[in-house]
Amino acid sequence: MTTLSDKDKSTVKALWGKISKSADAIGADALGRMLAVYPQTKTYFSHWPDMSPGSGPVKAHGKKVMGGVALAVSKIDDLTTGLGDLSELHAFKMRVDPSNFKILSHCILVVIANMFPKEFTPDAHVSLDKFLASVALALAERYR
Amino acid sequence: MVEWTQQERSIIAGIFANLNYEDIGPKALARCLIVYPWTQRYFGAYGDLSTPDAIKGNAKIAAHGVKVLHGLDRAVKNMDNINEAYSELSVLHSDKLHVDPDNFRILGDCLTVVIAANLGDAFTVETQCAFQKFLAVVVFALGRKYH
Numbered sequence: 001m002t003t004l005s006d007k008d009k010s011t012v013k014a015l016w017g018k019i020s021k022s023a024d025a026i027g028a029d030a031l032g033r034m035l036a037v038y039p040q041t042k043t044y045f046s047h048w049p050d051m052s053p054g055s056g057p058v059k060a061h062g063k064k065v066m067g068g069v070a071l072a073v074s075k076i077d078d079l080t081t082g083l084g085d086l087s088e089l090h091a092f093k094m095r096v097d098p099s100n101f102k103i104l105s106h107c108i109l110v111v112i113a114n115m116f117p118k119e120f121t122p123d124a125h126v127s128l129d130k131f132l133a134s135v136a137l138a139l140a141e142r143y144r
Numbered sequence: 001m002v003e004w005t006q007q008e009r010s011i012i013a014g015i016f017a018n019l020n021y022e023d024i025g026p027k028a029l030a031r032c033l034i035v036y037p038w039t040q041r042y043f044g045a046y047g048d049l050s051t052p053d054a055i056k057g058n059a060k061i062a063a064h065g066v067k068v069l070h071g072l073d074r075a076v077k078n079m080d081n082i083n084e085a086y087s088e089l090s091v092l093h094s095d096k097l098h099v100d101p102d103n104f105r106i107l108g109d110c111l112t113v114v115i116a117a118n119l120g121d122a123f124t125v126e127t128q129c130a131f132q133k134f135l136a137v138v139v140f141a142l143g144r145k146y147h
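Chains as they are written, first to last, in full-length UniProt numbering: chain A, 1 to 144; chain B, 1 to 147.
Bound conformation, chain A alone:
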């Protein structure tokens, strides 16, 4: 769908530089909100004892997800290659319906807007939205 321009890449990197120290909190909050606002996403986590916002499993997994986003930022010039292993994981092991990537992306954007209202300008928003869409595409690469 989307090619990231040089401006998109530099905007994403600059924004990431400002927010990355809060990555764990962003991930935990975004995941917790996703599970609450889009209950159908809970179907992937039925093995967790507690799926409520702020719970142990949600915090741990939110941290893991943002680790993936950090990796994507570092591989922003070639997401398909850089996220190859993660794509295989999501395709063959976890088999997450790719429509859910869009849902989680929305929640990540909402949390960043909430925590960093000044930094999350419309320009930052469009570049980050494009970036997350590209990440989703790279993650779906190995599906079929």
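Don't take each hint at face value.
Which stretches of chain A does chain B cover? Using the computed rule of at least three CB atoms under 8 angstroms from a CB of chain B, they are [stated by the list, open to error]:
| id | segment |
| --- | --- |
| 1 | 66-80 |
| 2 | 105-113 |
| 3 | 116-129 |
With a cut-off of at most 20 angstroms between alpha-carbon atoms, the simulated PhoX-like pairs for lysine-lysine come out as follows [what the hints assert, rightly or not]:
| id | chain 1 | residue 1 | chain 2 | residue 2 |
| --- | --- | --- | --- | --- |
| 4 | B | K56 | A | K102 |
| 5 | B | K133 | A | K118 |
| 6 | A | K63 | A | K13 |
| 7 | A | K42 | B | K133 |
Chain B is nowhere near these chain A residues, computed Cβ spacing over 12 angstroms in every case [to be verified]:
| id | residue |
| --- | --- |
| 8 | L4 |
| 9 | D6 |
| 10 | S10 |
| 11 | W16 |
| 12 | S22 |
| 13 | Y44 |
| 14 | S52 |
| 15 | P53 |
| 16 | H61 |
| 17 | K63 |
| 18 | S87 |
| 19 | K93 |
| 20 | E141 |
Simulated from the structure, these hints should not be mistaken for laboratory data. Think of the CB as a built atom: it goes at the ideal place given N, C-alpha and C, for glycine as much as any other residue.
Mind docking chain B on chain A? Use the hints.
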């Protein structure tokens, strides 16, 4: 029919009672036009939309953002009958304005982002749940009379 808990009703009422329409409306619409540029197709007569700064400074867009946000008042006042409340507006958007209904969802997402930025800690998980449920119901109602 949509069922609302007492908590959801008071969350929605609270958001709109404390809303600065003149601030939030323009921000939400401008963000929509910047983040999803294809939505600009409906605003050919609104003047300069050539850059994000032009969009943000465009008085016609700002005025329209306020108007659109006030369009949600109808749902706040008719929580138990949102489909009927938007019947005429749905026909208008379909037959006169020719707006692809997917744009309602997109604008709703932008409004959620702007409200999230505006409310800070008050934008709790429960608040987001209620607000997104509310928007989803309005979006459905607006698309309902398309044919």
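How the hints compare with the structure:
Look at the segment 66-80 of chain A against chain B: 0 of its residues bring a Cβ nearer than 8 angstroms to a Cβ of that chain, fewer than three, so the hint is violated. Coverage of the segment 105-113 of chain A by chain B holds [criterion: at least 3 residues with CB-CB distance below 8 angstroms; count 5]. Coverage of the segment 116-129 of chain A by chain B holds in this model, with 7 residues showing a Cβ closer than 8 angstroms to a Cβ of that chain against a need of three. Of the supplied pair hints, the one linking K56 (chain B) and K102 (chain A) is violated, its CA atoms being roughly 26 angstroms apart against a limit of 20 angstroms.
Annotation: proposed proximity of K133 (chain B) to K118 (chain A) is violated, straight-line Cα distance about 26 angstroms (limit 20 angstroms). This hinted pair checks out: K63 (chain A) and K13 (chain A) have alpha carbons roughly 19 angstroms apart, not beyond 20 angstroms. Proposed proximity of K42 (chain A) and K133 (chain B) is supported: the alpha carbons are some 17 angstroms apart, at most 20 angstroms. Even its closest Cβ contact with chain B, about 15 angstroms, leaves L4 (chain A) beyond 12 angstroms, as expected for a residue assigned away from the interface.
Chain B leaves D6 (chain A) outside its interface by the beta-carbon criterion, the shortest separation being 17 angstroms against a cut-off of 12 angstroms. At roughly 16 angstroms from the closest C-beta of chain B, the C-beta of S10 (chain A) stays outside 12 angstroms, upholding its exclusion from the interface. Here W16 (chain A) stays apart from chain B, with its beta-carbon at least about 18 angstroms from theirs, past the 12 angstroms limit. Against the 12 angstroms criterion, S22 (chain A) stays outside the reach of chain B, whose nearest CB is about 14 angstroms from its own CB.
The non-interface label for Y44 (chain A) is consistent with chain B: the shortest C-beta to C-beta separation is roughly 18 angstroms, beyond 12 angstroms. Not every beta carbon of chain B lies more than 12 angstroms from that of S52 (chain A), the smallest distance being close to 9 angstroms; the non-interface claim is violated. Not every Cβ of chain B is farther than 12 angstroms from the Cβ of P53 (chain A); the closest lies at roughly 5 angstroms, contradicting the non-interface assignment. With 12 angstroms as the threshold on Cβ separation, the claim that H61 (chain A) sits away from chain B holds: the shortest Cβ distance comes to roughly 16 angstroms.
At roughly 18 angstroms, the least C-beta separation between K63 (chain A) and chain B is larger than 12 angstroms, which holds for a residue marked as non-interface. Non-interface call for S87 (chain A) relative to chain B: holds, since the shortest CB-CB distance, roughly 26 angstroms, exceeds 12 angstroms. Every CB of chain B lies more than 12 angstroms from the CB of K93 (chain A), the least distance being 29 angstroms, so the non-interface label holds. Look at E141 (chain A): its CB is around 24 angstroms from the nearest CB on chain B, clear of 12 angstroms, so calling it non-interface holds up.
Comparing the model with each numbered hint stated earlier shows that hints 1, 4, 5, 14 and 15 do not hold.
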